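My request is simple: use the sequences and hints to build the entire structure.
This note's numbering applies: residue 42 is where the sequence shown begins, and numbers increase by one.
Honestly, the hints are just simulated from the structure, not real lab data.
The reader is advised that the hints may include incorrect statements.
[Said to hold, decoys possible] Simulated pairs of lysine to aspartate or glutamate, EDC-like, Cα-Cα distance not exceeding 16 Å:
#1 Lys205 to Asp188
#2 Lys198 to Asp187
#3 Lys205 to Asp187
#4 Lys205 to Asp102
#5 Lys198 to Asp188
Please read these numbers as outputs of a predicted model, since none were measured by experiment.
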Amino acid sequence: MSSPSINIHPIGNRSNSWLFNPASGWDLTHSPEALSPRLTLRTTTAPITINPTRTALIVVDMQNFFLSPVLGRAPGPGHAAYQVLLSTAFPAARRAGIRIIHLTWGITPSDLATLPPVIFRGFGFTHTPAGDGTWLETQNPITIGDDMGTLGTPTIKAGIEQMKD
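Put into structure tokens, the structure is as follows:
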């Protein structure tokens with residue numbers, strides 16, 4: 042009796058594809074050859090093989106506005122996620138030679154003049170559970186584009202909220 046053949050499924054198009062093999066998982070190296078170095082990561086669904094020299098760990102919006110206790114941020118899910126990055130993901134990425142890229146958002150005065158109201162609402166209000174399944178919405182004293190003044194101990198000039206330097 043012959044063993045069943047393993048089907049490798051290309052996902053994508055001719056110039057940019059990944060390979061999927063039910064037995065070994067995903068190959069994201071973009072190379073049919075055995076490109077070196079290769080690193081296989083265990084995941085909750087299927088292994089993923091990458092080339093660390095062509096890979097980046099991208100961290101989005103892990104910035105003081107969302108995390109700093111000086112800005113009134115209580116410990117929450119963002120803090121827990123950042124602790125995992127600091128203790129596990131960043132050291133592992135550095136050991137493997139994977140670049141770490143931090144992306145943040147900053148606006149210019151001309152951006153501020155054209156932002157839609159939803160942005161001001163998102164940055165200008167705090168939402169807290171009311172305990173009955175609803176949320177209380179309170180307006181923050183400082184919103185996007187406002188000078189945050191001097192904060193903390195020792196004190197620092199906090200700058201203008203979410204504005205590019």
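Index of numbered hints that the structure contradicts, given in increasing order:
none
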